[in-house]
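Order-wise, the sequence lines are chains A, B and C. Mapping of the first sequence onto our numbering: position 24 corresponds to residue 24, and the numbering continues sequentially without gaps. Mapping of the second sequence onto our numbering: position 329 corresponds to residue 329, and the numbering continues sequentially without gaps. Mapping of the third sequence onto our numbering: position 138 corresponds to residue 138, and the numbering continues sequentially without gaps.
Simulated from the structure, these hints should not be mistaken for laboratory data. There are no misleading hints in this set.
Listed below are several chain A residues computed to face chain B (Cβ distance under 7 Å; list not exhaustive):
| no. | residue |
| --- | --- |
| 1 | 76 |
| 2 | 92 |
| 3 | 93 |
| 4 | 97 |
| 5 | 104 |
Here are the in silico distance ranges between beta carbons for each label pair:
| no. | chain 1 | residue 1 | chain 2 | residue 2 | range |
| --- | --- | --- | --- | --- | --- |
| 6 | B | 439 | A | 126 | 29 to 39 Å |
| 7 | C | 366 | B | 172 | 52 to 62 Å |
| 8 | B | 12 | A | 110 | 43 to 53 Å |
| 9 | B | 58 | A | 119 | 37 to 47 Å |
| 10 | B | 46 | C | 406 | 34 to 44 Å |
| 11 | B | 439 | A | 227 | 54 to 64 Å |
| 12 | C | 464 | B | 67 | 38 to 48 Å |
| 13 | A | 14 | C | 34 | 24 to 34 Å |
| 14 | A | 16 | C | 140 | 54 to 64 Å |
| 15 | C | 207 | B | 163 | 40 to 50 Å |
| 16 | A | 14 | C | 44 | 24 to 34 Å |
These numbers were taken from a predicted model, which means no experiment stands behind them. Cβ coordinates follow ideal geometry from the N, Cα and C atoms, glycine included.
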Amino acid sequence: MSLLEVRDLTKSFGGIRAVREVNIDIIEHSISSIIGPNGAGKTTLFNLLTGIYKPDNGTVVFGGRSLIGFRPDQVNAAGMARTFQSIRLFPNMSVLENVMVGMHSRLKVGLWTTILRTPGFKKQEDEVTVRANELLRFVGLSGKGDEIARNLPYGLQRRVEIARALASDPKLILLDEPTAGMNPNESELAMRLFRRIRDEMGTTVVLIEHDMRVVMGISEQISVLDFGQKIAEGTPEAIRANPHVIEAYLGRRAAGTHHERLDA
Amino acid sequence: MAVKAQPQNSNPIRAAFANPVTAAALTILYMVVTGVMLFTLDQRNLWYPALNMCIFPLFILSPLLILGARINGNLKATLLLVLMLIVIPIVGLFNTSYLELAIQIAIFAGLALGLNVVVGFAGLLDLGYVAFFAVGAYLWAMFTSPAETIFTTNGWVIDPNMMSAGFVIFILLGVGAAAMFGILLGLPVLRLRGDYLAIVTLGFGEMIRVLVRNLDAPINFTNGSQGLHNIGRPGTPDVLYNLTNGMAEFFGRPLNNTDFVARQIMFYFISLVVLGVIIVLARRLENSAIGRAWTAIREDEVAAIAMGVPLVRMKLLAFATGASFAGAIGVLYASKQTFIDPSSFVLLQSIQILAMVIVGGIGGIRGVILGAMIVTLLDLHILSNFSQQLNALRNLDYVVPIINFHIRDWPVQLEPAKYQPLVFGLILVLMMIFRPAGLMPESRRRLELEERKDDGSLPKISMPPDSTGEMPYVSSSTSSEASSDQEL
Amino acid sequence: MSSELASPQTIVAPSRPESGFRRVGNWIYRFILFPIGQMLVFIIGAALLLTVLSYLLAVFVPVPRENIVLADQIGIQLPGMILAGIGTGFLYAMIALGYTLVYGVLKFINFAHSEIFMVGSVIGFEFTRRITDNDLLRYWSPVFFILVMVLLAMLFSGTLAVVIERVAYRPLRGAPRLVPLITAIGISYVLIDSTRAIMTITRNDFNLTYPTNEVGYLSTPIPLTFNGLVAGGFVNYTEEGLEDSDPIYDLMNIGGTRYDSIEVDGVTYDQFVVEDAVYEYVMVGGVSFGGDPLRVRNVRVGEESLRPDVVMIGGQDAETFIDGSNVVNVRMTVIVVVISSVIMLILLNYFVNGTKLGRGIRAVSQDQATAGLMGINVNFMISLTFFIGGAFGGAAGSLFGLNAGTVTPYVGFIPGVKAFTAAVLGGIGNVTGALLGGLALGLIEAFLNGVLVYFPALGQRYTDIFAFSVLILILIFRPSGLLGERVDEKV
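Next comes chain A alone, as it looks inside the complex:
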């Protein structure tokens, strides 16, 4: 069954229609990808789903309930978490604190319990620390908890961001170009992590990706955006053979000849 149903989602900025009438279904417990050339509207789509932008039109139904009109924090609380294309950690907080912030929507945050330091508050703080450390171990960062986030190398920062997104125990995680700038080895590790997120945590995964090796290697379903519209959808094999997709990426004339570039 579909965990996420997107219908006719549309968004314009000034005269530019960044996303137009996009329909996407994400099957629960799947790994899907959204691909498309630069400026195709992929990140805008993520921003629409997570409530950072308000759509002009269309519906987003997540786990049976409409997310239209939700603020980003409400979307997060509803079970959809995300990472950002350009890493947006809280740069001067420790790695552990970054992950702890990610848990915010799952916590009871009471002014009185905080001020009075009730037993419940202490118990929750302990649980938060334990859980955050577990998540860091899960993404392979055990022992890095006390480092300041900005001091970590780029690749590790990506993993912190994933751990932070996972901290809210999401049903669906949206990863915006999670392997950008990685070498093939690192991408391989990242793919393994994405599978583990799905298998061990039971979280549905949606990626925006440019690295075709990752996309083709991991996705069960691929949606292709171009100029804000969905031009194709299907399994990796189907997408690989789809002439519209090739045209979108390489231009019309190339569509017949440069087939192999997509398989690379």
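Add chains B and C to chain A, keeping to what the hints say.
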């Protein structure tokens, strides 16, 4: 402060402070020496103002020295208690200006800690903070002043016999009223970007002041620009009176103003309690999910809200918390001063509190207290003593040796005590340029604030976004300049 | 130069014979006619809108005072209100330019700009004072005198702004946004207090009164004639002349004739005391109404029965009415303000849109990094922007001083806030927006001042709050201002 230095430092003084035993001895020595010097200062000395100007600040820094010293925790607590509860009252016994200064420092430290919650923790620059202080002060004043307001004419005032109980209740009411104002003012504006928020809060601060000044007609609430006088204060307990008398006799210098001294000592203790509660609350809020959410908002609003932090609610909480501290302090301040008028709540006052937060070290509790000490002392003690010294020397036609400068040639108009705004302005500018994270920086803030683009290139800046438009939940400057141009 | 080619208006083939004329015509249209037309459209539009709104208000809101028909009052005051609004509006616009230009290039609210304005007004004072002290005025033509005063204030304030940028703001580029803001607040206090120090040392006082009255042509009233009645003032008319500060109004003056008593709606007054004059004076911008412009149905003075349009009772400026009889005078200074501002705004428009340096500034405000790569000296352009902004602030300051009479080191704050509001109202970063915002705010303020007098419970005591309220409302509902662009952000 030097005491926080690393042990491996070769400087012998720092090395001594690094060793627990010598550190304890040196701290006690420092406390005793400055205390005794202060206690024995002779007011008839020509150089009294200058000595007074230097020694009292040194003495009053000792609590921070104790806190910062590497000594045993129990010893630390004992020393602190002895200093706060015994030494300072005794020093102030025969020179009440010291008690007055201690009270003012505590009051302003409380205010600065409140502003620090807003500016330091949550990163929202509030330039109208003094408005909440005014709310607390006027709340208490309106119900106790005999000025002919609607309250007195209708008999809605607190019975003089109930003053002490009323005071405690009104401190709590002040907390509530100021928090309510904080929410009311914050609700419409907290979506604004940082610099706009600063200007709008400035506007709100001025509006409240104008309102207070003009609410004497058609119905007289505040007595307008004349202010409220003879504001009520809690009665001095007999115990304190007797204790004061006993102490004075113990030192063989009976007091002729025991009433006044005992009352000052009472206010000193009340201020300590209020400040203590504020410190504890600020600490607990900082080290909690709430504090983490505030830091997250400060560092990257978009990421914070996407991670499930409800922006407006958390910002409102910061605003209301800061305001409520100011409300409580306002009640205390009004009852201590017994007179308030709109001119006590001008923009300069907000700026002065901001200067406290910045001088000591934005974000850190200890730093903010240090800042409150420095700025309050400058305002009430150092500049005025400097002026007195100048006047004393001028009257004697003193000539500065070597440069052969006649003090009487110093223009009368240039009296240091009259130039607080200049001093605070300079402090703000110099601190921002040379030590933006303050004298006692909090580690995280140091990272944030001392970051500059080293290559001399200019920051990439996006146009101001329309906050009613596409990003309705995010006050939006933060997004595209995440690391280089984040909010304070 | 590549930047030369990029500009469309320079691509005019010189070979064609008619192109020279067309070029000149085009130039005149672009840099003179269009800006003036734009200002006229703004003024007329805003004035019309406000007139309609005030009449609507008059129809629907009852005035809590007897004998007053608000609509009539508005009719009488309209020309005065509009002229005053234009005067203050242009001042606000000139100050607002400083905020908006700096915001354009640095995305930074120069909080100290109001103090640059203040310094301009103090410089203007120093100059005027020295000129009058040395009795040079008789040799100087009015235009020359005002020109030199304004230029001097511009030069000084502009230089000061550049120095401040170099010393205090430049080291902070790239720091978190609020750091330079706090610095600017600090600078603001430093400027206020050092000006105070300098003035108290050199002049022993920091209330600086322009010798406007000694400059004959500046105090010449320009009559806007009404059929009016003027009664007394804060001054006592004696054989020797005018005496200050007598609280009793013992003077009835109509058409230059003195009367001993006056009958207003059946009540005879032979003296006005302060209590009778509920509002001692009403001042609508540069136009002074020497008292409550109370609508009176029936006035008998001596043997005459009158139905005047305006009755003025009391007021600081009543002395001018006594001499000018039934005349509401507009101060010459307002006209000076308007004319100077128009000239300067036209020059600025030419500079920004018609010169290479102006193009550099625009490029820097679009994208500093790219502008730098294209060979533009970014630091120079920023300094230049501060100079222009500061110079306009200084000019506004000196003109403000000339118009207001007295300035102090604290005089910058309120005009600064209002001008900032104007800049935000028009869309901060937008030069035309500053002009529109300034004029709109000036006119709104003049109308409010004119209308609010009839509502004693609100009255003028709250007019300073008004600018803040406008500011807050715009920032909440339309932070990009009237002319600001909506720019979306990438996440």
